[in-house]
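Protein chains: 2
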Amino acid sequence: MDEQKPRILDTRLVAQSRLFGIEEMHLRFSNGEERTYERLCTPPLAGVMCVPMLDQDTVLLIREYGAGVEEYLLTLPKGAYEHGEDWREAANRELKEEAGHGARKLTFLKRMSLSPGYMGHHIGVVLAEELYEESLPGDEPEPLEVVPWKLSELDRLIERDDVTEARVIAALYMTQRILDQRHS
Amino acid sequence: MDEQKPRILDTRLVAQSRLFGIEEMHLRFSNGEERTYERLCTPPLAGVMCVPMLDQDTVLLIREYGAGVEEYLLTLPKGAYEHGEDWREAANRELKEEAGHGARKLTFLKRMSLSPGYMGHHIGVVLAEELYEESLPGDEPEPLEVVPWKLSELDRLIERDDVTEARVIAALYMTQRILDQRHS
Chain X
1 MDEQKPRILD
11 TRLVAQSRLF
21 GIEEMHLRFS
31 NGEERTYERL
41 CTPPLAGVMC
51 VPMLDQDTVL
61 LIREYGAGVE
71 EYLLTLPKGA
81 YEHGEDWREA
91 ANRELKEEAG
101 HGARKLTFLK
111 RMSLSPGYMG
121 HHIGVVLAEE
131 LYEESLPGDE
141 PEPLEVVPWK
151 LSELDRLIER
161 DDVTEARVIA
171 ALYMTQRILD
181 QRHS
Chain Z
1 MDEQKPRILD
11 TRLVAQSRLF
21 GIEEMHLRFS
31 NGEERTYERL
41 CTPPLAGVMC
51 VPMLDQDTVL
61 LIREYGAGVE
71 EYLLTLPKGA
81 YEHGEDWREA
91 ANRELKEEAG
101 HGARKLTFLK
111 RMSLSPGYMG
121 HHIGVVLAEE
131 LYEESLPGDE
141 PEPLEVVPWK
151 LSELDRLIER
161 DDVTEARVIA
171 ALYMTQRILD
181 QRHS
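Chains as they are written, first to last, in UniProt numbering: chain X, 1 to 184; chain Z, 1 to 184.
It is possible that some hints are incorrect.
Copies of the same chain are indistinguishable here, so a pair counts whether it falls within one copy or spans any two.
[To be verified] Capping the alpha-carbon separation at 30 Å, the derived lysine-lysine pairs in BS3-like fashion look like this:
id, residue 1, residue 2
1, Lys150, Lys110
2, Lys96, Lys5
3, Lys5, Lys150
4, Lys5, Lys105
Simulated from the structure, these hints should not be mistaken for lab results.
Chain X extracted, bound-state conformation (with noise of 0.2 Å):
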């Protein structure tokens, strides 16, 4: 726990894209071993993604196109904050434009990272729950599929090789587990 952290000599932007930004960095660990890492800095580091709950054991996942995997994929809805919000805000207007639902309880799960080796990334997981329907236009290329599941048969969820994304399998046994204490 009291690591020093390396030292940071030097960052640049080497590579833009519309999208992406990469940066170069020099560092210097505490044994005194210098390394030059490279690390996504863009898109937005920070986004929400919820965990709608219909009621006690269904929830609402959709189905996606993932353009990096060529996939369509059941996932949750999620996405970046947009001006100012802050992340009840951001977690109830994605759920609202991809899943047709607001939320009147929200509760902040946890703060997950992606790949922290050479990305920045977070995104707040977020339980939903005492959904109402109400949408709102978001900027999907197609209506995205609501896809009821029930936590009791998450294991057989897990299993299908379109749930492939850590984030959302993370995001559904944290929630499983948090659901099962409050009852018992």
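Keeping the supplied structure of chain X fixed, place chain Z upon it in accordance with the hints.
Frame of chain X; chain Z shown alone:
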């Protein structure tokens, strides 16, 4: 399940650094909508991550600096495939390099994605059991601290601020579930 995948009309490399490549892709969805997306096409798109169990309840975590988030985090041994390795060889090599152990029993649990909207990356999660002490030199700038943790105290681990990686959280929950089922 019968969605027609978007047609990839065109792809081209729009930015590149030593480590990363960024590809622009022009897509036409089945409803006729067209979009231009960007995605990361390197670093290596496939890797493995081990969940090393020292005994039925003790997992070996490692403490490693994440340059992307500029923090030391508790994580699991992982890395990219090297020259023709299969998942067993890669998992055992990473385990020896990063946690000072080999494993006689390796079980493939799940192929996970990170951010499938703009990354093609996948990591194979491997349960490693029947461990023995053996080290291989890695390319780490400093020796990694190995931190044993009880899976029976997984909730307390996940509450920690230095445990954030979604794939690590997902892998530990999956492992706990599998070991619980094995002994019930």
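Going through the hints against the structure:
1. Lys150 x Lys110: both (22 Å within a copy, 20 Å between copies)
2. Lys96 x Lys5: between (41 Å within a copy, 24 Å between copies)
3. Lys5 x Lys150: For Lys5 and Lys150, the Cα distance is within 30 Å only across copies (27 Å; inside one copy 43 Å).
4. Lys5 x Lys105: neither (38 Å within a copy, 35 Å between copies)
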